[in-house]
Structure formats: C-alpha cells, structure tokens
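2 protein chains.
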Amino acid sequence: MRLAFFAVLPGVLALWPIPTTLTTGTSILVLSSTFTITVNVPNAPQDLLDAVSRTKTYLATDNLQRLVVDRGASDAASFKASPALASLTITLQNTTSVLPIATEAVKDFSSRIEGYTLAIPNTGAPAVLSANSTLGLFRGLTTFAQLWYTWNGTVYSNVAPVNIVKDSPAYPYRGFMLDTSRNFFPVTDIKRTLDAMSWVKLNQFHWHITDSQSFPLSLPDFPELAQKGAYSVTQVYSPSDVQDIVSYAAARGIDVLMEIDTPGHTAIIAASHPEHIACSQSSPWTTFANEPPAGQLRLATPATVNFTTGLITAAAKVLPGKYFSTGGDELNTACYTQDAKTQADLKSSGQTLEKALNSFTQATHGALAKLGKNPVVWEEMVLEHTLMLSNNTVVMVWISSMNAASVASKNFRIVHAPSDYFYLDCGAGEWIGKNPTGNSWCDPFKTWQHAYTFNPLANISSSQAHLVLGGQQLLWAEQSDSSNLDSIVWPRAAISAEVFWSAKQPNGKALDGTEAQARLHDVRFRMVQRGVKAIALQPQWCALRPGLCNLDS
Amino acid sequence: MRLAFFAVLPGVLALWPIPTTLTTGTSILVLSSTFTITVNVPNAPQDLLDAVSRTKTYLATDNLQRLVVDRGASDAASFKASPALASLTITLQNTTSVLPIATEAVKDFSSRIEGYTLAIPNTGAPAVLSANSTLGLFRGLTTFAQLWYTWNGTVYSNVAPVNIVKDSPAYPYRGFMLDTSRNFFPVTDIKRTLDAMSWVKLNQFHWHITDSQSFPLSLPDFPELAQKGAYSVTQVYSPSDVQDIVSYAAARGIDVLMEIDTPGHTAIIAASHPEHIACSQSSPWTTFANEPPAGQLRLATPATVNFTTGLITAAAKVLPGKYFSTGGDELNTACYTQDAKTQADLKSSGQTLEKALNSFTQATHGALAKLGKNPVVWEEMVLEHTLMLSNNTVVMVWISSMNAASVASKNFRIVHAPSDYFYLDCGAGEWIGKNPTGNSWCDPFKTWQHAYTFNPLANISSSQAHLVLGGQQLLWAEQSDSSNLDSIVWPRAAISAEVFWSAKQPNGKALDGTEAQARLHDVRFRMVQRGVKAIALQPQWCALRPGLCNLDS
Chain R
1 MRLAFFAVLP
11 GVLALWPIPT
21 TLTTGTSILV
31 LSSTFTITVN
41 VPNAPQDLLD
51 AVSRTKTYLA
61 TDNLQRLVVD
71 RGASDAASFK
81 ASPALASLTI
91 TLQNTTSVLP
101 IATEAVKDFS
111 SRIEGYTLAI
121 PNTGAPAVLS
131 ANSTLGLFRG
141 LTTFAQLWYT
151 WNGTVYSNVA
161 PVNIVKDSPA
171 YPYRGFMLDT
181 SRNFFPVTDI
191 KRTLDAMSWV
201 KLNQFHWHIT
211 DSQSFPLSLP
221 DFPELAQKGA
231 YSVTQVYSPS
241 DVQDIVSYAA
251 ARGIDVLMEI
261 DTPGHTAIIA
271 ASHPEHIACS
281 QSSPWTTFAN
291 EPPAGQLRLA
301 TPATVNFTTG
311 LITAAAKVLP
321 GKYFSTGGDE
331 LNTACYTQDA
341 KTQADLKSSG
351 QTLEKALNSF
361 TQATHGALAK
371 LGKNPVVWEE
381 MVLEHTLMLS
391 NNTVVMVWIS
401 SMNAASVASK
411 NFRIVHAPSD
421 YFYLDCGAGE
431 WIGKNPTGNS
441 WCDPFKTWQH
451 AYTFNPLANI
461 SSSQAHLVLG
471 GQQLLWAEQS
481 DSSNLDSIVW
491 PRAAISAEVF
501 WSAKQPNGKA
511 LDGTEAQARL
521 HDVRFRMVQR
531 GVKAIALQPQ
541 WCALRPGLCN
551 LDS
Chain S
1 MRLAFFAVLP
11 GVLALWPIPT
21 TLTTGTSILV
31 LSSTFTITVN
41 VPNAPQDLLD
51 AVSRTKTYLA
61 TDNLQRLVVD
71 RGASDAASFK
81 ASPALASLTI
91 TLQNTTSVLP
101 IATEAVKDFS
111 SRIEGYTLAI
121 PNTGAPAVLS
131 ANSTLGLFRG
141 LTTFAQLWYT
151 WNGTVYSNVA
161 PVNIVKDSPA
171 YPYRGFMLDT
181 SRNFFPVTDI
191 KRTLDAMSWV
201 KLNQFHWHIT
211 DSQSFPLSLP
221 DFPELAQKGA
231 YSVTQVYSPS
241 DVQDIVSYAA
251 ARGIDVLMEI
261 DTPGHTAIIA
271 ASHPEHIACS
281 QSSPWTTFAN
291 EPPAGQLRLA
301 TPATVNFTTG
311 LITAAAKVLP
321 GKYFSTGGDE
331 LNTACYTQDA
341 KTQADLKSSG
351 QTLEKALNSF
361 TQATHGALAK
371 LGKNPVVWEE
381 MVLEHTLMLS
391 NNTVVMVWIS
401 SMNAASVASK
411 NFRIVHAPSD
421 YFYLDCGAGE
431 WIGKNPTGNS
441 WCDPFKTWQH
451 AYTFNPLANI
461 SSSQAHLVLG
471 GQQLLWAEQS
481 DSSNLDSIVW
491 PRAAISAEVF
501 WSAKQPNGKA
511 LDGTEAQARL
521 HDVRFRMVQR
531 GVKAIALQPQ
541 WCALRPGLCN
551 LDS
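Chains as they are written, first to last, in the UniProt record's numbering: chain R, 1 to 553; chain S, 1 to 553.
Bound conformation, chain R alone:
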C-alpha cells in the first residue's frame, strides 16, 4: 500500500477533488455483477435512496476505460483471480435526526456536514461508507463512483484497497456561477450543469438569473417582468422551473444562491416598469453603463425602493437557502446625474446619491432579514461605497483577487470569484461591435492551470482566515449559450472544486497542477461518458500517457 499521489503510473487515481486523507493499494477489485448498496439508515430519505440508485446507474453505465495505452486490456487477465466486491454499506453515524440531503444542503455554511469515511478492502469484504449526515453520505457515494473503470463489460478498480479515513471540505462554499440573462439556458442545461457540479462536490449554484439584457425569471407577484423582459415566452424560468431546479440541485447537495442584481444591471426592467429605470437605453451607452444597454433602478425614488424590496422578497421567499444576492456591481453615477427624476428625488429628500444607495441597500437587505436570509453582494458595495452593511453580509471579490485582503480587513466574509483567475468567459475576443481592438476585457483565457494556482488565503492573515467561505468559477454569458455551455465550463470549473475542497494534497503539500493533470483528464473523460461535453485538455496520446507531454519529458 502506498499514498495515492505517488501512483502516477500506471494507475492514475481518478478521485476529484482529492480527499483529505487517502491510502490506496495496487490490487484489482472487480465489482460483482450482483453488487448492491445497502442503506443502513433508519427512515432513509428518498433523495438518499435516489442518490444510491444514481450511483448504481453510473457504475453500470459509465463504461469508462482506464486512461492508459491499452485502456485496461492487460488488467483483464487478473479479473478472474481477483476478489469481487459484492456490496457497499452506507451508514449514518448520527441517527437522531435523519434529514434529506436536500435539507442538509441548504443549511447555513457552518452547519453543513459534508465529511465522510470510506473503506474498500481488497478482499471482497463489504465496503463501508459512513458519515454524520445524508449529505456526507452523498459526497462519499460520489467518491466511490469515481474509483471504477470498465473493460469489456467488467467494472473494476485497480487501486484496491482504498481507505479514506477522513474527507471533508476545506471551505464550505464551492460554487459555480451562471449568467442566464445575456443569453438564455434551458432548464435541461442547468440540470446537466448541476449534475456535473455534484460529481466534483461543488455545492453552490450562484444563479445570476437577471441582468440588463433579459429578465427570464417569472415570479407570481411580478409576472410582467418576464412577460416583457424575457427574450421570448419560451426563454422564461417559470415558478415551477425554479422549484424544479432548486429541488434538483438540493437533492444533489447543491444550494441555489439566486442573484437579482441591483440597482445596476437592471435596464430590461424598463420594458415593464419604465418608471423605475433611469437612463434607459441612453446613448452613448459607454457613458452610462459598462455594457449595453444602459439603465439602472432609480435608487433614490421611494416607489422604486418599494418595488425593489418587493421584488427581492418575491424571489428570495421561493428559495430554501439562507443567502440571496442583491448584486451591487458596476453602479454608474453618470446615469443618475443626468436623470431628472433621481435628481429631484435626491433634492426633496436632502440625500446624496451615496446616502440614497445606503437607504436602498438597507431596504433590500432588510427585506432579506425579514425572511431570515443573509445578503450577498459584489465587492464594490464594501470597497467603493460607504454603506452600513451588516457583517453577516457575504462579499464576492471579482475585480481582482488582490481585493480580497481589503474586504477581509473590513471584517466581511468572502467568496473568491476573481476575474483574474476564475472568469471562464475571458479570452474569447470582444463581443462589443465596431470595436477596433477586439480583445476580451479580461484577456487572457483563464486556463485550468492558472486557476489551479489560486491561493484562497493569499494576503489574508490567519486571524482573518475564518472569513474566507470559499470561491467559485463564473460564466458570464455574453458569448455563451446552450451551444458551448459544457465546453466552456468543463472540466475547468472542476478546478475550484479541488482548490476549495482539498486545498492541499493528502500528503500535506500544496496542490500541484502537474500532479493534478492526469486526474483532471479522468474527470473530463468520465463527464463525457455521462453526457457532459467537457473539452479535451490534450491530445488523447497524452491523456493515455501521463507525464509524457510535460515540457520536461
């Protein structure tokens, strides 16, 4: 037996994110044709049973061959003489309160229990997975399903025995953000994305559902917003769609963090409520917004404040999670300076724009507090404005990874979402028309290798480390929709899954992209087998020969 991270050849370990502790062997262990998963959980919730069922389906259908030159052919000689694993027993250690995965997944960060232990003997004796929560069992099932390959109909592992004494996440927030406003993504796309997220133990779906370009969210209390603001009647998330997505996510250990970005990034609200939008489609848009079309909520207008708090309430109340994002990025002051209504309202209330923004934010965050929810905002709300924000506010750092330290110094909790590491859309060229330069604003392309070097604690003092909740990669969708969703997101978005779950290798060393590459190939090929069109990272020649395409090989 040896530590798995030395096992580069020939048995590259497929686990992702790499567990906290791990020992593996070199035995072949065949999965019995009668393999069963025994659920030793009293009153096992349905979503746990469903997860068990999905696990068995993956084992039967992944049909993933090992990424070695012979794809496993030479393993076959050992199949007959190898022990067969007949069962996996999953056990809940704390049975006083057995909750569905979906309930555990949407708890507040400090209450989420995702850890588990897993032991797979190389003798054929039953494997055992145990955890303190159904969510932990789900994470362990995910790990279990990554250990198996198929050759000629036989499902087997080549690294038995496997022992994971402890595996639990370094950070509670491991997310992926999808913008469904610039371009629309059907529900099936989102569900497929949630599945892929769950395979690498991502647990937060940050749903940037609306923006200036379209308002696909249909809310019973505000039906007109989608009726007038969606791209079409078929490009809408109905209330049942939202519930469907939230339920689907939660059953896979994923909390949905919805964002309705305010007061900027709201131009399309003018389609149904022109009275609430300043500088609606004003020209030149470059004066009034970071991208077309211009238009922002009249944050100084009492009726608009009421409208917005009502909207935030209507959206937040349908979600089970404890957090909701009110956005707050890229507020444009020229828009308000030139808006007569805003100027009049500021004058009558005797407020500055900054004071009005504070009142506006207090109102929306107050609405969330009434629902028992905490606000999430983009970094400008604490770094560029002087607002009175509760310290239960979570701040997403996006402009630069360097800004995390400033946010920490203000004692706010942080989600790392830096454009310089984690923006998946960068590097594909400018989408603005008639642009002589034509480059992406956040060039270059954020490679998986670069993202993998992200240090969540860079410039964060040990006394501030508790403020770092985790992080996420993000897809802004100006140049994306169904056509390229899988290929632009996967396997790259698995990088933050490992950065924030594993944080380091089982041997205690820092994560190392050279070590990770072969495992990432495995993630990618398994995703493809499961119907997610993750891109190739290298020629297949290289994928089958770990290390031989390294620069120094």
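In silico EDC-like links for lysine to aspartate or glutamate, alpha-carbon gap of 20 Å or less:
#1 Lys-228/R to Asp-241/R
#2 Lys-434/S to Asp-512/R
#3 Lys-347/R to Glu-275/R
#4 Lys-434/R to Glu-515/S
#5 Lys-410/R to Glu-380/R
#6 Lys-504/S to Glu-515/S
#7 Lys-228/R to Asp-70/S
#8 Lys-434/S to Glu-515/R
#9 Lys-228/S to Glu-275/S
#10 Lys-322/S to Asp-108/S
#11 Lys-434/R to Asp-552/S
#12 Lys-341/S to Glu-354/S
#13 Lys-370/R to Asp-221/R
#14 Lys-434/R to Asp-512/S
#15 Lys-80/S to Asp-70/S
#16 Lys-355/R to Asp-329/R
#17 Lys-107/R to Asp-244/R
#18 Lys-191/R to Asp-62/R
#19 Lys-191/S to Asp-50/S
#20 Lys-322/R to Asp-244/R
#21 Lys-228/S to Asp-70/R
#22 Lys-434/S to Asp-552/R
#23 Lys-317/S to Asp-221/S
#24 Lys-355/S to Glu-380/S
Don't read these hints as lab results, they were simulated from the structure.
Mind docking chain S on chain R? Use the hints.
Quick look at chain S alone, frame taken from chain R:
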C-alpha cells in the same frame, strides 16, 4: 428597391457570403404552402435532385425567426395581402455536358464553375435560378435557402424582390482544415461539418488526417498503420468511411484535400513500422519535435522513401480530387543528426540531409504526378528548404501571413492559412504539461473580427495576384474533439468563406466587420436551427438589435 447593404434595419439581410452583385427590396413575399422547385435540367444528376430536396427540407424545417425584437410578429400582418411564391425554376444554361455536382466540385481550380444568377420577383411570379454548371446551381440553391424566415408556421422573405445578376467566387479555394490525429472526430462530426461548410459555400475540406499522435486512416494496402496507430479500433476511418466522406462532401460542392504529413509529424508510424522512424519518442521531446511525441520518417533511407511513396499513392488514389498534401512542416534536423541509421544512409549515398529531403520529396511528388495529381505543401518546403519543386505545387502559408509575399516571389500558388489570422485553436491556453507560463503558442484567440480583416492580396503584386488560390481557417485538435468541434469552429470558419468568395461588398467597398456582424448572427442562428452548435457572438439582446451594441452606439 435599394442596395441591400444599406438595409441594416429592420431587414438585415441574411446572405453569407454576400453575393458579388445584389439588389433587394422591402416587400414581404410568402413561400406558398405548395412551393415547388422545378428542375429544368436534362438528365438531372441525382446529387442535384438531392440538393433540391435538401433545400426544400431546410425551407420547411429551418424555422428561423428574424433577428429583430419582435422576431417577425409584426410581419405577420402583411402575410395575407402579400404575394406567395409558388415555385423556383432552376435552369442549366449549358446542357451539352450535364455533370453531377460531385464531378464539378473536384475539378481543378481553374475549371470549377460556381457562379449563378438568381431572380426572385416580389409579385409571386416564379423565381429563377440559372447557372452554367450543376455546382453553380447548388451554390444558388444555398443562397435561396438563406433568404427565408418563419413566423408562426409561415415561411417568408422580407426583402423581395431579390436580384442577383451575378454571383461567383473571387477565389477558387475556400477551405476548412480539420486535424483528426491529435484527437479523433467520428464520421458524423465530419459530415455535420461538411454540411455547415456547404451552407457558406466553402469548397475545400483539408483533411489533416494523420500526425504523430495517431494514424486513424485505414488503407487496404497499409492496414497495419491504423491497426497499430489509431487510438482504438473504433477511432479509425475505414476505406468505406473515407469514401462516404468524400462522396458526402462532393455532393455538397466540396473537394477533399487529404494530407499525410511527411516526413515530420509521423511518430506514430513507429507503432507498426519502427524501422522507418528516426528519434522515435526520443527524450527530451523538445529537442526533437515541436510537440510530443518525437519521431520522423527516415527520409534518407531508400526503404523508407519507398514506403512513403507507396503510402502517399495508396491514400491519394482513393480520392477524386486533383490535389494531395504531403505536408512538410516543422522538420527537425536534430532528430536526424542523432539517428545513426540516417547518418549511415546519408554517408553511403554521399548526400546532405537537404539533398536527401529533396530526393524524398521528389519521390512522393513523383508518385502524385503518376496519379495525375498536384502536390500541396506547407510553406517551409519552399521558404526553409532548397528543393526542386514543380511550380504546380500549391503552398500553404501558416507561420505568418507576412510570408505569403515570399512564396509568391518564388512563383508558387498560395493558400492562405496564416496562424496569425485563421488558427481557430489559438488562445485556449497551453496544453503541454508542467509548463509554468501556460499560454497558447499562438495567443491571442483569433476573433472573427480579426480574421475578417484579412487581405488576401496584402504585399502581393498585381502580377502575382493570380497565384493566390484562396485560403482557409484551421482547427488543430490538441484541445478539441467532438465535445467542442461546432463551438470552436462556427460561425468563425464562415469568415474565410466571405473573405475568399465575396472579397468585397456588392457596392465595391472593402468588407467591413461592422456591416457583417448582423449577417453573421443570422448565419449562426440558422446553423443552430440546423443542428450545428455554433456559438453566440453577443447577448441575444444585441443580436436582435443590430448596431445597438456597437462601441459608438
């Protein structure tokens, strides 16, 4: 009636590539529910009848709504009062020799007739398409099918009448190159790509079928090359696959230019013929090759020269086209300097390496000449080596667009394939492992806007202009396979289709990306409707509002 290129709003014209001459109107013309295409061609070949059938299918199933805010809803009021087009008559002007499209498509460049004329009255009177070849008729059918939108079941044009007195390509070679060696693409992927190529009148499929990483081409005379060199038994192009692809392409007006790259880029041949490969998988690969694995044909060894000429002959003879590429890029001399067998053979023949390369090339090109075919080579064969090449050789310029002038000065015909404009793989990060920088060698991403500024005659004198056959965009597949084929290729590869077919606007002005953008959206959305996952170029908000997302809007 007005010239179409002024018709930016509201009736953006969908034609791509933009015809040589064009006038359009502003009338609605409905396609009759009994619309027929009358084929006024004696003994019409089956592939023409099939093309007519496909055209009718596209008209019935494209179901593409206009890219305007109301998607065509306001057009519907005019449907009842508008004339209906009951038929299109297609006429061959020269009926002395009626050949299949497939035959016309694979003729030598100077003999290809792709022009046509098209007139669509706005009265309901029959539309007329005429040409001097079935290939020309096919191009005209492609244009016809781009003119129609659908709203609520009604198929209609909003720019009738349409008159194209003349449309013919500025350049005879308009290609797309696909590398199927670094990663494999199934036949279905290639056929879908050929369909998309035909929709924008691309006419050369440059099939870089083999390289150092895999040899997926199964040849009856050399079955061992794929048996040992393909990634797997399922990742092979069988002889019938090749015939299938060649026939499918030709019926769509596309000639297949196959390349077996020699003498470099051949490492995988060592799997079946180690005797022919020098520096096979030598380490460090950086000394012996531009990418792993190292390995080149022993160009100085008579048996290897015989083997290679046999191989080139075996591949070229199954293809109907007049050209075949023997490659010739990135020859590594260190590989031969350190290869004892090569050094011994050079010594015994008294040749320098350069002389041996000349003999090798004479042999492979001689084999092509015996088949009545002309050689195609990469630019190094004329710019970095001193070889005696026939001036019927076609040279692909790839290292830099600046090198075209040097090739022209040597009086060789040119296909523009410059990495600084047309490499679709650039900008996605480095794929070589353990690379601290991690950037793509040909950063940045080649945007459609940049590619569209390519000038085929830059630095080419008027007396040399006849040497420019055309050009192509290229997909090297180190980081691509089925997962991202459509999204990395389309709609970008449509850019060279317009650069080399249209070359200028119908008004005589230079091509202009700002004018082209709305039409390119249309290309993209129509491709998606036809099952090709072309990427979004902008937020849908912008796609529906041409010009409003321009930098100066």
